[in-house]
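First residue of the sequence shown? That's 1 in my numbering, and the numbers climb one at a time after it.
The set of hints was computed from the structure by calculation and includes no laboratory data.
The reader is advised that the hints may include incorrect statements.
[As the list claims (entries may be wrong)] If you anchor each label on the Cβ, the simulated ranges turn out as follows:
{"#": "1", "residue 1": "ASP190", "residue 2": "HIS68", "range": "31 to 37 Å"}
{"#": "2", "residue 1": "HIS68", "residue 2": "SER169", "range": "46 to 52 Å"}
{"#": "3", "residue 1": "ILE189", "residue 2": "ARG73", "range": "27 to 33 Å"}
{"#": "4", "residue 1": "GLU66", "residue 2": "SER169", "range": "37 to 43 Å"}
{"#": "5", "residue 1": "ARG168", "residue 2": "PHE29", "range": "27 to 33 Å"}
Just so you know, these numbers come straight off a predicted model, no measurement behind them.
The beta carbon of each residue, even a glycine, is placed where N, CA and C say it ideally should be.
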Amino acid sequence: MESVRVSNGAALNAEYHLERMNRSRRELFGARGDIDPLSSLAIPEEYRAGIVKCRLLYRAELEAVEFHHYRVRPAGSVRLVYDDTVDYTYKYEDRAALDRLFGMRGECDEIIIVRRGVLTDASSANIVLDDGSRLITPDTPLLRGTMRARLLDRGIIAEGRITPDDLRSFARVHFINAFADIGDRTAEIDRIVMG
């Protein structure tokens with residue numbers, strides 16, 4: 001499955017989504033050749049304005065395209081949750097493991113998953129730590145997101161190994177995904193519950 005941000009009728013970061021989708025098709029399903037469903041995307045009238053989530057469901061071939069209005073979840077408070085076995089290398093439709101961890105957030109809005117002693121991702125976003133002069137994303141993400149890839153390619157963020165103890169060196173954490181850039185969804189470090 002691939003989730004693409006459609007803004008006022010235009011698919012954003014299409015090249016990153018297509019690269020990840022086609023790589024997954026090859027690695028998981030043995031597909032040959034690339035497909036590009038975004039170049040001829042037929043967007044229903046009710047989804048042509050505002051921010052919309054376009055879900056591309058596929059195996060070896062494209063199986064379905066769905067559209068949903070997108071709503072940003074708050075991220076004001078965050079809980080670290082620990083799981084050394086969680087794996088989300090590919091963007092699956094089945095998010096049961098991530099949903100289970102998100103259910104451990106208590107009163108917090110969001111989680112950051114710690115695996116094998118290092119920070120990985122949030123429940124549905126990559127993270128970027130901000131100390132006012134550097135923007136660092138963990139080099140151990142569960143999923144290599146499309147916004148993360150674009151920001152790395154442009155030199156806006158850098159990768160680094162980040163442990164829970166390193167958090168005190170930063171001022172805030174940004175939650176980035178296809179629908180949120182740096183600054184769109186942020187929590188202050190002092191709003192992180194350590195466990």
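Taking the numbered hints from earlier one at a time, note which ones the structure violates and give those numbers from smallest to largest.
-> 2, 3, 5
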